[in-house]
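Work the whole structure out from these sequences, hints included.
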Amino acid sequence: MKESIELCSSLLKEVEEIKKRSEVIIDMLKKEIEKSQEESPQKVSIADLLELPSIMRSVVLKISSYESIPLADLAAMFKDQEDDLPSILSSLKYKGYIEEFEEDGAKKYRVPAIRRKPKKLSVDIWKSLDEKLTKE
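Take the sequence shown: its letter number 37 is residue 36 in numbering that gives the first Met the number 0, and every next letter is one higher.
It should be emphasised that the hints constitute simulated quantities derived from the structure, not laboratory data. Treat the hints with care, since some could be wrong.
To be verified - Below, computed lysine to aspartate or glutamate pairings styled on EDC-like, alpha-carbon distance capped at 20 Å: (1) Lys61 - Glu101; (2) Lys61 - Asp72; (3) Lys107 - Asp83; (4) Lys106 - Asp129; (5) Lys61 - Glu81; (6) Lys61 - Asp79; (7) Lys61 - Asp83; (8) Lys94 - Glu50; (9) Lys107 - Asp72; (10) Lys61 - Asp82; (11) Lys12 - Glu22; (12) Lys106 - Glu81; (13) Lys106 - Asp72; (14) Lys61 - Glu98.
In structure tokens form, the structure reads like this:
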């Protein structure tokens, strides 16, 4: 009987220790999830770009053609909208279309990865190809 009580007591201590460790792990995972959500905002899709006014879409497309581009270069490319460019960039940054960062003392912009709709291939792709080839 005494051995059973000691065994149960020992098991209880182990279970409590496991519970403490699991709570620590759960807290760490929650923090990681929160951190990843803060770091990676919802990606924009190509369809979202089509809804932008043409000048904003032009700015995003121009930035996307470079890995990153300094503000001075953007201003030179969009001389016609030089006065509006800061507010355009601010709006695009707020909506998640572009990211602003500083490198070598210069303000630069880049486009984060754009979410694309996954491509779906036909299950019978070889059959479809054979049918098209036999028609020709």
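Comparing the hints with the structure gives:
1. This hinted pair checks out: lysine 61 and glutamate 101 have alpha carbons roughly 19 Å apart, not beyond 20 Å.
2. Restraint check: the Cα-Cα separation between lysine 61 and aspartate 72 comes to about 11 Å, which is no more than 20 Å; the hinted pair holds.
3. Restraint check for lysine 107 and aspartate 83: the C-alpha separation of about 17 Å stays at or below 20 Å, so the hint holds.
4. Restraint check for lysine 106 and aspartate 129: the C-alpha separation of about 54 Å exceeds 20 Å, so the hint is violated.
5. Our distance criterion of 20 Å between C-alpha atoms is met by lysine 61 and glutamate 81, whose separation comes to about 15 Å.
6. Using a Cα cut-off of 20 Å, the hinted pair lysine 61 and aspartate 79 holds, with the two alpha carbons roughly 15 Å apart.
7. Note on lysine 61 and aspartate 83: the hinted pairing holds, with a Cα-Cα distance of about 16 Å set against a maximum of 20 Å.
8. With a CA separation close to 12 Å, the supplied pair lysine 94 and glutamate 50 stays within the 20 Å bound.
9. A threshold of 20 Å between alpha carbons decides the hint, and for lysine 107 with aspartate 72 the separation of about 9 Å falls inside it, so the pair holds.
10. Using a Cα cut-off of 20 Å, the hinted pair lysine 61 and aspartate 82 holds, with the two alpha carbons roughly 18 Å apart.
11. Among the hinted pairs, lysine 12 with glutamate 22 is consistent with the structure: their alpha-carbon atoms are about 15 Å apart, no more than 20 Å.
12. Among the hinted pairs, lysine 106 with glutamate 81 is consistent with the structure: their alpha-carbon atoms are about 16 Å apart, no more than 20 Å.
13. Taken as a hint, the lysine 106 and aspartate 72 pair is honoured in the structure, with Cα atoms around 10 Å apart against an allowance of 20 Å.
14. As the CA atoms of lysine 61 and glutamate 98 are separated by approximately 14 Å, the hinted pair is consistent with the 20 Å bound.
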